[in-house]
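Trainee: So the chains spell out like this:
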Amino acid sequence: MIRAYAVQVRTVAAKELTELFRDWRTLVVSVAVPLLLFPLLVSLAFAARDGGPDRDATVAVTGQDWLSVVPFLESLDRFTVVPVDDFGTAETGVSNGDFAAALHFRDDGTRVVLIHNNADVSSAEAAATIGAALEQYSTRLAQQTLEERGLARELLTPLLVEQFPLHGSARAAGTVALTLLVPILTLLAAAISPITAAGDLGAGEKERNTLEPLFGTCANRTAVILGKFGAVTVMAFIGVTAFFTGAALAYLAGPILYEAAQLEFALQVPSLLLTVLLAGLTAAVFSAVELTISLSARSAKAAQALFLPVLILASAAGYGAVSLSNAPGWYAHVPLLNLGLAIKASVSGASFYSEVVALWAVVYVTVSLRVASAVVRSEGVLRQR
Amino acid sequence: MISGTPHVAPPAAVVDSAVITRGLTKQYRGMPVPALRDVSLSVASGEVVGLLGANGAGKTSLLRILAGVLRPTKGTATVAGLDTVRDATAVHGAVGALFGGATGLYERLSARENIHYFAALNGVSRAEIPRRIEEMVELFGMQEFADRMVSGFSSGMKQRTALARAMVHRPRALILDEPTTGLDIAAAIVVQEFVLRCREEGRSVLISSHNTGELERVCDRVIIVRSGGIVFETRPGVDIAPGELRELYLRVSEEGV
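So the sequence lines, in the order shown, correspond to chains A and B. Sequential numbering from 37 applies to the first sequence in our numbering. Sequential numbering from 113 applies to the second sequence in our numbering.
Warning: the hint list may mix true and false statements.
[Claimed, not checked] Beta-carbon label-pair distances, calculated as ranges: (1) Val370(A) <-> Ser266(B): 48 to 58 Å; (2) Arg58(A) <-> Glu256(B): 15 to 25 Å; (3) Pro306(A) <-> Ser266(B): 53 to 63 Å; (4) Arg61(A) <-> Ala166(B): 32 to 42 Å; (5) Arg58(A) <-> Gly158(B): 48 to 58 Å; (6) Ser387(A) <-> Glu246(B): 54 to 64 Å; (7) Thr201(B) <-> Leu216(A): 31 to 41 Å; (8) Glu256(B) <-> Asp59(A): 22 to 32 Å; (9) Arg58(A) <-> Pro242(B): 14 to 24 Å; (10) Glu246(B) <-> Gly416(A): 32 to 42 Å.
[To be verified] What the simulated footprint calls covered on chain A by chain B, stretch by stretch (three residues with Cβ under 8 Å from a Cβ of chain B suffice, anywhere in the stretch; the number is not a length): (11) 238-248; (12) 251-259; (13) 268-282.
[As the list claims (entries may be wrong)] Here are a few chain A residues that sit away from chain B, every Cβ distance over 10 Å (derived from the structure): (14) Ala40; (15) Leu299; (16) Phe301; (17) Tyr389.
FYI, nobody ran anything at the bench for these hints, they're computed from the structure. Glycine included, C-beta positions come from ideal geometry on N, C-alpha and C.
Chain B on its own, in the form it takes in the complex (with noise of 0.2 Å):
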């Protein structure tokens, strides 16, 4: 039997969503199929939300969306009471996103500088930032690399890197792309603190990953995307019991829902 419900679309007036999207889609040019299909989805304050779903699925197109660095073809997205495509700008100010495997970072450029760069793009004072910075290293326990070039660093310490660089301007939302791909279990760990520290402060989440036991741990609620498609959803710990998320996961991609 499958726990969970299958998605529907959130009602009309939703306040307290920091996102929300309704009726999301994307077709790329050249691609026989769209990449999203009529996605409408709310992830409220506070809120930390899995996405599932096997490669191609579209997670990361809504995430791109979300982000404000994709255009939908059709539908809406705001983050934050912010349109996605009208206040793209202001929207990159709200969300911190960490996107792919590769974090992208400057490799010729220390830790301290790569946020610093990314704090300055993102209107932070010139007086604010050294403060700033100091805050993420301390969060993010960067200290004894935070001056290195990033092109020494292991998987892990780019990943905090990034992660920092993503929180230095405070977002209220937080866009995680397969944040722990390629970590190892102690760098994951200190991702998915990380995530539920967010929560505790009221920041909304929404996070892809193929690592299920990673999504139970962190999330309220976990939509599994097939297609483009959001095709179901569920809270780990309330509809499924611990490790049951798999189990589900593969029965919705075989039956389809």
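This is chain A alone, in the form it adopts within the complex (with noise of 0.2 Å):
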């Protein structure tokens, strides 16, 4: 009995896999795209980066005085200095994109006015960027006036702080991208994998008129279920699998084309094993809801709508992840945060209540496969065409 079932729930997998293994669309969706999207994106972001304003902008220059400050700001190899008559023409030409920033000396060039678009993303860094050059630069003379008068130009620094970080800085930037990359990704990348199999293999049999036939063979409709399920969770396997793939692509790909800064990953083997656990399991959960959204959904297109709120929690779940320090242990138990919250620990080297997340997870699995379970064994399953 519980061999017929298995060859049951077998068949039904390997016909859908070779279904959507067949399909174009399906392997666009769930293989290429999420393949191609971090070294696309990443490709894009730098490409804008070394076309971006904040390199090689001009800054103009203006009022008293300001002779002495031109070769510092040339110095930093970011800005040439352009002089203008007055503020007002300083104003505009940074109003009307001209320039960067302008600087506008008085007091016989001991006060400066720093002029930017604070609406403008580009202008705003240049301030900053400015805007601490010159404060370096404003340090540096009053430290030549002190020893010009024979005093001891650590008195501008009363009190030294010395750094001592745990790790390298190629160590801790590592560390935090994955704590602050991997739990969303896990998660949106689960949530939109299996969107394409659960549309394909619920609503869209029902359009397709294959689910009577098939209902009307001796197959167990849970084992029908089940089988529609593996091949759906193998999809969300495989473009999990892609987006990481995609954006260790991305990653290994900025030093060489980029000149993009290494990171150093420490992440052991058990919390890798464990990582890779978790995101399966936050893959199968989505898996799950996701065909049975599609089984009580009218048509593939009112599934599709339905899929929308399912990816709103993925995000928001990822996102409160990410951002949530220190979360008490009851957010162990809330739906999708859970999954997020123990990828986010996991990544880092640490834990946050695995095993409950890991219990949480199966029983997401088996109450949505039962319900999906109770929807095809309703008459309505059929009527709704």
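Two chains, two frames, some hints: make the complex.
Mentor: Structure follows, in structure tokens:
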């Protein structure tokens, strides 16, 4: 009996996967897009940065006694300094975008007004950089003055702070990057990847009138659901893997193509395995939920509309997980957020009630599939056409 | 004059019938009137019975209940001695069903793969499946397209594939819901000859159609269904002469019985 049931599950899953792999649209959405998304996004981001206004930006100077500052600004290798007649010309130039920012010197060059367009990102960035540089310049002038008067330059820094980081900057950046990116990416990828397959195997089958002959066979309807769930979950695993492979390719290509900073990842094998397990469970949860939604929907179009709240919830859970620090224990019982928090903890080498969260994931899958099973046992599933 | 008899429920002890229904009623939720009302009929082994009626008369609901995919609201139905509700899974194995104009084939599978899938789900052993598929391919003359994807098939090719799929597990009864709708003459003849062959093999066949000529050609009995109930039945070639079924149907529909 159990063997016959298992054969039915396997038969349905194998048939569904065969059909899915023969559908180029499913392959594009589930494999090609996730694989190429991050490399494309990174390429666009770096292309925008290379051509961006913050590099080689033009800065206008006007007013009194600014000559000594110009060589300092030009030594930063990021700004081209252009003298203008007066404050009004500088202000108009910044407003028009001719200048990233402008400096108006007054009181014999001892005061400077930094004119920038705070509604424009590149102007604001340029102003921040110039402001920091001028503070540095100002400190240097003060130190020179102290030395000329025979005073110790340390007077300017009565309390000297020394940093003692536990990790190197590359490793710290790597860990931060993992805890920021992996929970969101896992939840989103796990929510997005099964959509096409779930839509096709549920509402799509209804539209194509293939459910009725299927339910007219000797196959147990729950076995049919389990077979479909297996196929959708496989597609979800493939999609999540493709998303992370794309992200890894984008990261690896970064230093080669764009002189991007190298990060150091110190994920230990047990943490990696736990992360993979949690990601797999997350994919299974979304596969079960989306298949159930698809089977309950009247049409493929209705199913697509119903998938939207799932994606929103996945995004919210992902962002919630990365923005929460020191989450209380009862968050381990909050659906989806618990998966995000557990994944976040596992990539940083810690643990957030992983056993409880894994158990919850199994519960979500079981409940979803029971609902799906009830849906296909009702006559409505055949009449909703 | 109307030839035939107003329908009378079969006697309680019909032992030779492969299909028996008693007081079958189907009320869909949210619908004002029942789709079926107190339908009792029997179909003997090796008998071909046609269902004739307007759209919405209840033909498809009756066939779906007999195929075990819908539950009756009241009454009972048995196929090959199996109750369609209690023994639904066994009924699925005893019935080969073809529903509606759409054949419900998987378009990204070949004809052979479609048949294989249904054979496996209907419990045909792994070793037996290839032989059964070859048998079906030969029976329905599918040699030229058996390995092609269904998405490129004509209506006739699809219908032959669907029939092969419905027959691969050697069912005792066949339920065909408008099997020739949308087919050209040649394809329709293939279906009709297949039905006659089933009769020769001793299978019971219930077939619904709007084509009175087709029903006259293949059916031992034709049952006229109206508003969810059986209102009349006749035997082509016995009660009525060839070509009279259409006129009979129209008169029954107008006059009521």
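Trainee: Measuring from beta carbon to beta carbon, are Ser387(A) and Glu246(B) in 54 to 64 Å?
Mentor: holds, 58 Å
Trainee: Just checking, Ala40(A) versus chain B, shortest CB gap more than 10 Å?
Mentor: Check fails; 7 Å does not lie beyond 10 Å.
Trainee: A range of 15 to 25 Å was offered for this pair. Does it hold for the Cβ distance of Arg58(A) and Glu256(B)?
Mentor: Holds, since Arg58(A) and Glu256(B) (Cβ atoms, about 21 Å apart) stay within the stated range.
Trainee: With 48 to 58 Å as the target window, see if Arg58(A) and Gly158(B) comply at their CB atoms.
Mentor: With Cβ atoms ~41 Å apart, the hint is violated.
Trainee: Taking a Cβ-Cβ distance under 8 Å as contact, does the stretch 268-282 of chain A have three or more residues in contact with chain B?
Mentor: Our answer is that it is violated, as 0 residues pass the Cβ test (under 8 Å) against chain B, missing three.
Trainee: Could you see if the CB distance from Thr201(B) to Leu216(A) stays within 31 to 41 Å?
Mentor: violated, 52 Å
Trainee: Just to be sure I understand the hint, the distance between the Cβ atoms of Arg61(A) and Ala166(B) should be within 32 to 42 Å; is that true here?
Mentor: For Arg61(A) and Ala166(B) the Cβ distance comes to about 40 Å; the hint holds.
Trainee: Has the hinted range 22 to 32 Å been met by the Cβ atoms of Glu256(B) and Asp59(A)?
Mentor: holds, 25 Å
Trainee: Against chain B, does the stretch 238-248 of chain A show at least 3 residues with beta-carbon separation below 8 Å?
Mentor: holds (count 5)
Trainee: Could you see if the CB distance from Pro306(A) to Ser266(B) stays within 53 to 63 Å?
Mentor: Hint holds: Cβ distance 59 Å, inside 53 to 63 Å.
Trainee: Is the Cβ of Tyr389(A) more than 10 Å away from each Cβ in chain B?
Mentor: Non-interface label on Tyr389(A) holds, nearest chain B Cβ at 41 Å vs cutoff 10 Å.
Trainee: Do Val370(A) and Ser266(B) keep their Cβ atoms within the hinted range of 48 to 58 Å?
Mentor: With Cβ atoms ~55 Å apart, the hint holds.
Comparing the model with each numbered hint stated earlier shows that hints 5, 7, 13 and 14 do not hold.
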